[in-house]
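When you get a sec, could you build the whole thing from the sequences and use the hints?
Chains as they are written, first to last, in the numbering used here: chain A, 1 to 472; chain B, 1001 to 1202.
Derived from the structure by calculation, the hints contain no laboratory data.
Only some residues are given here: those of chain A computed to face chain B with a beta carbon under 10 Å: (1) Phe32; (2) Leu136; (3) Glu138; (4) Ile140; (5) Leu194; (6) Asn223; (7) Phe276; (8) Asp284.
All C-beta atoms in this analysis are idealised placements derived from N, C-alpha and C, irrespective of residue type, glycine included.
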Amino acid sequence: MQVESGAFVEKARAALTDATLQHALKHIKHGFVEARAGAAARLPGFEAMRDRARDIRAHTLAHLAEHLERFEANVTALGGHVHWAADAEEARAIVVRLCREKGARTVTKSKSMVTEEIELNPALEAAGIAPVETDLGEYIIQLRHEKPSHIIAPVIHLSKDQVADTFHAEHPKYGFTERLTERPALVREARAILRERFLKADVGITGANFLVAETGSAVVVTNEGNADLTASLPDTHIVVTGIEKVVPTLADCHTLLRLLPRSATGQDITAYVSFFTGPKRAADLSGPSSFHVVLVDNGRSSMLGTEFEEMLRCIRCGACLNHCPVYANVGGHAYGSVYPGPMGAVLTPSLAGIDKAGHLPNASSFCGRCEAVCPVRIPLPKMMRHWREREFERHLSPAPMRWGLGLWAALAARPALYRLALGLASRLLRGRATKGWIGRLPLAGAGWTGGRDLRAPSGGTFQQQWRRRRGG
Amino acid sequence: MADSREQILGRLRRFARPEVDLAPAPPPPAQAGAILDLFVERLGAARATVDRAAGLAEVPAAAARYLAGQNLPARLRLAPGLAGRLDFAATPLTLEDGLPEADGIAVLTDCLAGVAETGTFVAASGPGSDPRLNLLAETLIVVVATGRVAASYEDVWRMLDGTPRLVGFVTGASRTADIEQTIEWGAHGPRRLHVILCDETP
Ligand code: SF4
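What follows is the structure, given as structure tokens:
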């Protein structure tokens, strides 16, 4: 998994002054935040359902081997195949081999974060197989050679005009030479081009939002219907997904499915919720004759039994991104990982290593809104704090921060000195303030005041005030 | 490969906690009011249009009426489940064969069930159905039997014998909000969805 989060600070700064991006990010509030609040309010028992969802996911993780084996047995009994991939490389190799066995030249793909994580497309291309992304957002990303900036809205960072430019640059080879300006026309043009791809593809690759152990089903939700076309037209259907996606029963799956779209886009249900189970049966009129499921570990099993285990409950709804003030201001690309926002700040270091993703757990104001909206109640701030601790222990945090904390620790252990230093510091700070605010701090504090002001201390230190109020 | 399977499962077993229990599933959320009324209301919320038919014999006229009302071509591809069971002689509709690859052909299909919860219809693959038609049609007309409208998704699975290759819960037409979070209809599948609620089960 390619991670470029080392440049978070620079990228975030650039994002804040990018007018097009800032305009695009404004859609989050109405499109997602308000929509989710409305959907949650419309469904009686929504909060209790979140408790149940948390319990279903926690239970599944405690019995993961059992449920995966049951899933596998059910798929196999129907004539499907289950493949196990320890890491990204093995997952790519399996998919490439399956495509080659079919002599595939083009494959259609429906949006899948796991295939982004394992970087499947470059591997397919290297093997001479052309992958075609069919989710409109992913299709645009593919044309622009970019990465998605949101786990459910890949092109949330783009304006309609940028999409128009991209189509105008890429579509003349299909006979579409006019630069379109209206959204319906853009969608119609993409529909016409992708319709051809759907009909010609040799293999269809989808992800899975859930796997159902009791039936051996892979469940995919979309609004476009592109996963259904991907899974129904070609002769081979390959599902690529993480080992944590399994749930025990259909009833459990429907509980999670009631929460997923409501948390994600504020829809009561997406247009398509499809359960794919095995290859086509003998009497079926259509459908793929072979069905494969690639179960990807890629670091997930190593999270079990650690303080990050709860992250595996995630159902990738994106609510924590939508409600995060940091994400809403800098967008997804600044994070340098296909998993951005709060969930990415926890998951990316878990999968790629804290040495590669050290900045991410710090990209948070700890406001707690992510945890407040997470449908499976993942304690995201707590886990970001764990990563910060680990980062500090491993001497990966910046030097000024380490000195500052070291100094504070030395003082805190000596109460008399602490009182003296604090009194002195607060007097000094008051001296620097204009109208109660300090615009610039010296030394290590300069970084902190680079992007914000500090309220000047007033009325003495906490300890002085405490003594006064106790009537001491 | 086989090694990876053992390696992954081995690690998962090491961290298994058999003592973590899960209480039995609570019932699906209760739906207030009459199920059929709710179904119609939710279909409207999903921007599907609805018509009623007392019996299958009324369905061809209802389909023709809808297409004419929308100014759409009078061309129809019939799903295999309805083939030979409807008489179109009294309508101006031409019946087509093959896959509706090009836009401009409407598909008329039956389905497994309706779900009141969200105004959803459920299509299952099988000897009498071809899921590709529903996906490729630009205009989709679905006959839902009033006797097969369930309150919740969970109830639908009880109507099935085993698990078909595809069980699809479809709510409204195909859409995308990828560009500027604004909904556009007809992303890849149907641009419009019309439901004929029929008192006779096909
Ligand atoms: S962490 Fe929670 S809110 Fe964020 S994507 Fe995962 S399930 Fe959704």
